[in-house]
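Just so you know, the sequences run in chain order A and B.
Here our numbering runs 74 ahead of the position in the first sequence, where the first position is 1.
Here our numbering runs 1 ahead of the position in the second sequence, where the first position is 1.
Hints were generated in silico from the structure; no laboratory data involved.
Where hints are given, some of them may not hold.
SDA-like cross-link-like pairs, simulated, lysine to any residue; straight-line CA separation at most 25 angstroms [stated by the list, open to error]: (1) 257(B) / 139(B); (2) 210(B) / 79(A); (3) 83(A) / 137(B); (4) 79(A) / 131(B); (5) 83(A) / 139(B); (6) 79(A) / 216(B); (7) 241(B) / 216(B); (8) 384(B) / 373(B).
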Amino acid sequence: MFATKRLSKELIKIKEHLPPGISIVKSDNLEEWQMDIRVLDENPLYLNQIYRLKFTFNNKYPIEPPEVQFIELPTTSETPRPIPIHPHIYSNGIICLDLLSSAGWSPVQTVESVCMSIQSMLTANSRNERPPGDKDFVSYNRRRPRDINFMYDDDNI
Amino acid sequence: MESDEDFMSVGSSPDDFLDTQGSDVESLGDDFGDEFDGGFSKDKDIIATKRKPYEVEFKVLSPEDIERQQNVQINEVSSILGLPPESSAILLRYGRWKREKLIESYMDHPEETLEEAGLGTNFEGTPQTEVVSGFMCEICCEDGDELETYAMRCGHRFCVDCYRHYLAQKIRGEGEAARIECPGTDCHMIVDSKSLGLLVTDDLKERYKALLMRTYVDDKDNLKWCPAPECVYAVDCPIKQRDLRRIVPTVQCDCKHYFCFGCTLNDHQPAPCTLVKMWLKKCEDDSETANWISANTKECPRCHSTIEKNGGCNHMTCRKCKHEFCWMCMGLWSEHGTSWYNCNRYEEKSGSEARTAQARSRESLERYLHYYNRYANHEQSAKLDKDLYLKTEKKMTSLQSQSGLSWIEVQFLDTASQALQQCRQTLKWTYAFAYYLARNNLTEIFEDNQKDLEMAVESLSEMFEKPVPELAQLKVDILDKTAYCNKRRVILLSDTAENLNNGEWSFNVDW
């Protein structure tokens, strides 16, 4: 498989070193990994919270982007993981980010660089709101993130 | 500034042919005096003119022509700017093939222009695939000693295999060609055709070429693909979007399909594109509903709500405004006194006033239906004529054997059938056009022309349906009628096109 060698190398590197605020929590196979991220500064929207990202790789990775979304763990769990509030993150965890579309993706991007991009996307945000139409999208959407045609109308984030 | 622009305004200027037209008419006036020029000599004159007032200048391009056109421009820019052809191609695509503007911008700010276009400023060396010792591909993490690698002039090096996968994904998966960027993060260098040629298989190169051709035609305002299914030709026509108020640019592709260069719908002369769009929208929304409303309902005399009487007595109470009236005479119910449920008051004042108001409001609906029904009728008849056309060939064969006429002698049926198609298409759109026309003395002439063409078409259509044995005897009549139909069509279209061009029509809508 095309992705095997690349993902193994990425995994070795990740286990050696990750930037602050990012850690790997699950990598049992080369199809799905889970990462925890937190925001490093004092942004009140995300203070003292840890969020969980799920990466799904298909066999065209890294020519095609991985599928990346936030997943929620209930507040009652040992490690509660909410969905961060952000104008580009739907409440079901789906992220609208140019980098994750085939047009914005570069095969040189890695799991680590994606985590850092999402981390900085949170850091830079000060709006305590969901994307417009969040409620409808969350209740009607049955598609996978990779099949959704997002409009990247906001180039600032 | 822009060469295309200049070329077009000269070539297409509708004043050109109007001028010649005008002088011809004048000279006729001199010869015969004004009162003798009773329209007919003018009509003849129109037919004799080389390009008719409703025709536009255009050229059909084959895929080879399109490729040649691109190459000519690429080589030109390449020699002017001293850049390699594959880079000039990227520059031209970035500038949407506006050559003069591009050269100017390059002369003023060469580095910014190159950067913006995705070319970079380094033109040294010729990128080749090569083995680089100690190299590891950033995409697949392979690092063998034999690993073939490639980097464009930006220096971002990847193994040939990953490059190939990446390009295949872009071309086949995403249909991208003109703006495939280097796989490196944040590198906006565009993959050029030379690099692509080194890296991908032949079938992908073909696809790449086809996609580039598509963007070329899409980028150029003076080019449009023929919309006929499976047709590979494009049409080059200098008519601009802003000209569409005055011109209806029908073109004919080499595949025989007639279409409007302005909106790519089927030929819709004499109606201008905007009116066609309005009309189609209206028909889509209204016609069925409007027919039913007209047949089954009346309006409340006070608030004009549409009311369907679904049973019961004549005493109506409008749900909306509570107005009480009589369904029969439309008069006030209160005036009916004791003669309830038995209306014999048709001539009373209140009733007749209500009916007049109602009639006025219904008029617009009836007016629409008048035009719509005629429009739809020609559409339907054209379809029937088309079925007939398919049978024409059969007819022609059997006519040959029954009458002893040669193949060339029975071609008149084919000609007649084509004339029928074309005239019906025109007639159909005259009704949509007329719907939006405000009355003036020109509309009278228009309606006369419309009527003449319609009568000619119907009588030709009738002859055309005659059984085969009679057709041979009718040959001369059919030939005459065909010629007459075509002539009437030319006259109608010329007249309408000239008035449109001169802004002589007034319309009952803003567009």
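Here's how the hints hold up against the structure:
Our distance criterion of 25 angstroms between C-alpha atoms is broken by residue 257(B) and residue 139(B), whose separation comes to about 53 angstroms. For the proposed pair residue 210(B) and residue 79(A), the alpha carbon gap of about 33 angstroms is over 25 angstroms, so the pair is violated. About 11 angstroms separates the Cα atoms of residue 83(A) and residue 137(B), which keeps this hinted pair within 25 angstroms; it holds. The hinted pair formed by residue 79(A) and residue 131(B) meets the criterion: a straight-line CA distance of about 22 angstroms does not exceed 25 angstroms.
Of the pairs offered as hints, the one joining residue 83(A) and residue 139(B) holds, with about 10 angstroms between alpha carbons and a cut-off of 25 angstroms not exceeded. Restraint check: the Cα-Cα separation between residue 79(A) and residue 216(B) comes to about 37 angstroms, which exceeds 25 angstroms; the hinted pair is violated. Note on residue 241(B) and residue 216(B): the hinted pairing holds, with a Cα-Cα distance of about 19 angstroms set against a maximum of 25 angstroms. This hinted pair checks out: residue 384(B) and residue 373(B) have alpha carbons roughly 16 angstroms apart, not beyond 25 angstroms.
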